[in-house]
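First to last, the protein sequences are chains A and B.
Numbered by the working numbering, the letters in the first sequence go through residues 309 to 402 in order.
Numbered by the working numbering, the letters in the second sequence go through residues 829 to 1159 in order.
Everything labelled a hint here was simulated from the structure, so no lab data went into it.
Treat the numbers as computed from the prediction; the structure is a model and nothing was measured.
Here's a subset of chain A near chain B, in silico, CB distances under 7 Å, partners left out: (1) 311; (2) 312; (3) 333; (4) 337; (5) 349.
Computed list of lysine-lysine pairs in DSSO-like fashion (alpha-carbon distance at most 27 Å, straight line): (6) 863(B) to 385(A); (7) 375(A) to 863(B); (8) 1153(B) to 363(A).
Ideal Cβ positions, reconstructed from N, Cα and C, are used throughout, including at glycine.
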Amino acid sequence: MSSEWPLWEIFIRGQHGLNHRHVGSLHAPDAEMAIRHARDVYTRRNEGVSIWAVKSDDIVASAPSEKGPLFDPSNSKVYRHPTFFDIPDEAGHM
Amino acid sequence: MYAQMVKTEAKRLKSREEMTPEEAAFQDRIEAGEKIEPKDWMPEGYRRTLIRQIGQHAHSEIVGQLPEGNWITRAPTLERKAILLAKVQDEAGHGLYLYSAAETLGVSRDALIAKLHDGSMKYSSIFNYPTLTWADIGAVGWLVDGAAIMNQVPLQRTSYGPYSRAMIRICKEESFHQRQGYDILIKMCLKGTPAQKAMAQDALNRFWYPSLMMFGPSDKDSVHSAQSMAWKIKINTNDELRQKFVDQTVPQAEYLGLTVPDPDLKWNEDKGGYDFTEPDWEEFYAVLAGNGPCNRERMAARVTAWEDGAWFREGLMAHARKAAKRGVAAE
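Given the sequences, and given the hints that come with them, work out the whole structure.
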């Protein structure tokens, strides 16, 4: 049996209450060691206050070939942005 | 550089007419500045060249720990020791970022490490030189990390997404490495004894040409470089980077009161840069072929560390498998 440690994806939340962000991956035998390694590898300069580790095998991703069908439909829906609407200056700040 | 003389398998660059529709669409994406991501279609040559280049780069980070590790127990003060430890730990991290980037291309880290150990993959020639004195640690940070930064800053814009992101992270951390080296030399040259300054001069004498070699021989006529540049996995020619490095480094040597060991070094007003003597390329090829001062020692240290750690890696994996089984049984 292979002794290569499985791959984990690491997500870190920084100081200011933002979302956890993907920062990279690493090898670790189990979840506990994944967190320890993530601390050593990805927070050496105070980058975070919280770590998530997810086995890479458990990540489900959209396929590049579906890029068009998935994301093109939102191109034509400019009214979803507030700048689509002209508000007269007289109406004041909105 | 940290990756030297990476071959692309290209005999010559394909013209637009010779490309398949997929290859042409791929080249369009690169030229439009789009990033290529792991699951995207890519030419087999692009994938294999990147594995070689990123793998060699990762190996250099890891082997690069060895010459500096030599001084962790010998650093002159506790503060210098802590700083050097932090730097060497960073190098391990940089190796990991790069191995991870290579793994997105479908190769395992263990397979890459096996190729390093059996000699079929290389690491940068520079790490086959010994670090004989404390001043060498200063020179390595200043010159070797300085040359690495010269190469890595443009690579942040490389076309392969995971490689580019690894480079961005590495560059953020790397300037500490160069500064800590220069700081060691400031202390020795400007605040030290004449013997310490002489030690710094000796370090510069030994590391100057090996540092120039890091960029690799001139590749202005190389089809591999042309292919890599078309793919944006190489941004500048070796000569451009070497020139930039010399122009940046000479004034820093002057500030320290050190003499660059090149009697023909002089400012060339017309080109706006220094004229300088090329390193001895025979020596470079000999080092790459395994005959530098420390090649055998470096590989022996790597292989011993890998083999001595096997029981530990396997033990943790066996523990994890057992615990997982128990977890399933308990549910």
